[in-house]
Amino acid sequence: KAGVTQTPRYLIKTRGQQVTLSCSPISGHRSVSWYQQTPGQGLQFLFEYFSETQRNKGNFPGRFSGRQFSNSRSEMNVSTLELGDSALYLCASSLVEMNTEAFFGQGTRLTVV
Amino acid sequence: AQSVTQLGSHVSVSEGALVLLRCNYSSSVPPYLFWYVQYPNQGLQLLLKYTTGATLVKGINGFEAEFKKSETSFHLTKPSAHMSDAAEYFCAVSARDNFNKFYFGSGTKLNVKP
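Going line by line, the protein sequences match chains C and B. Be aware that the first sequence starts at 1, since it is given in the working numbering, and climbs by one per residue. Be aware that the second sequence starts at 114, since it is given in the working numbering, and climbs by one per residue.
Think of the hints as simulated: they come from the structure by calculation, not from any bench. Where is the CB? At the ideal position from N, CA and C, for every residue including glycine.
Computed Cβ-Cβ distance ranges for the label pairs, DEER-style:
1. B/Ala114 / C/Ser79: 24 to 30 Å
2. B/Gly175 / C/Gln18: 40 to 46 Å
3. B/Leu169 / C/Leu83: 41 to 47 Å
Using the sequences and the hints, build the whole thing.
Pasting the structure below:
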């Protein structure tokens with residue numbers, strides 16, 4: 001079956017702009033989580049969505065937001081981009097039952113200039 | 114709160130040698146434990162996980178890890194390194210009551226010398 005699909009793969013934006021990243025989970029997976037990966041901070045949890053509701057949230061400013069649609073697809077938005085937002089953004093999908101694994105997409109590489 | 118410590122940001126081994134990547138966690142109760150691998154410009158791929166049961170867990174590509182509660186450790190090993198094992202490895206934990214939120218270690222880059 002198809003894996004987790006993230007679009008676009010690469011993105012270049014200017015400071016102050018906003019950006020929207022998309023994640024299509026594996027069919028049947030209803031939980032979608034987002035992570036930011038940077039050389040300095042490593043992998044950090046942004047938020048998790050389940051059934052169109054944010055279930056968990058990490059320690060990121062309000063400029064980072066997300067949503068989930070009825071088909072489980074998710075988007076995350078970053079407003080007023082800063083240079084420090086340059087990162088690889090990873091999406092993971094999973095079933096909601098315990099003892100299951102999270103499957104990661106290939107990520108979106110965001111560069112803010 | 115949970116945290117993960119990976120000792121050694123870079124590990125270099127010769128092809129055919131033992132691979133040992135160290136991971137210690139801090140958690141008030143034993144969490145779920147995972148090892149993921151990341152190749153350049155790729156996402157994360159699950160190598161193995163421990164949730165319950167046998168503390169020695171076997172994963173893909175010949176890797177295994179042992180959960181040691183008394184040492185709060187979950188070290189990753191492979192008896193014989195292959196060139197294709199060169200990648201970055203991440204140890205992660207999640208809480209048993211919040212298992213879709215991962216806390217990752219800082220990663221260990223494995224270099225395999227011919």
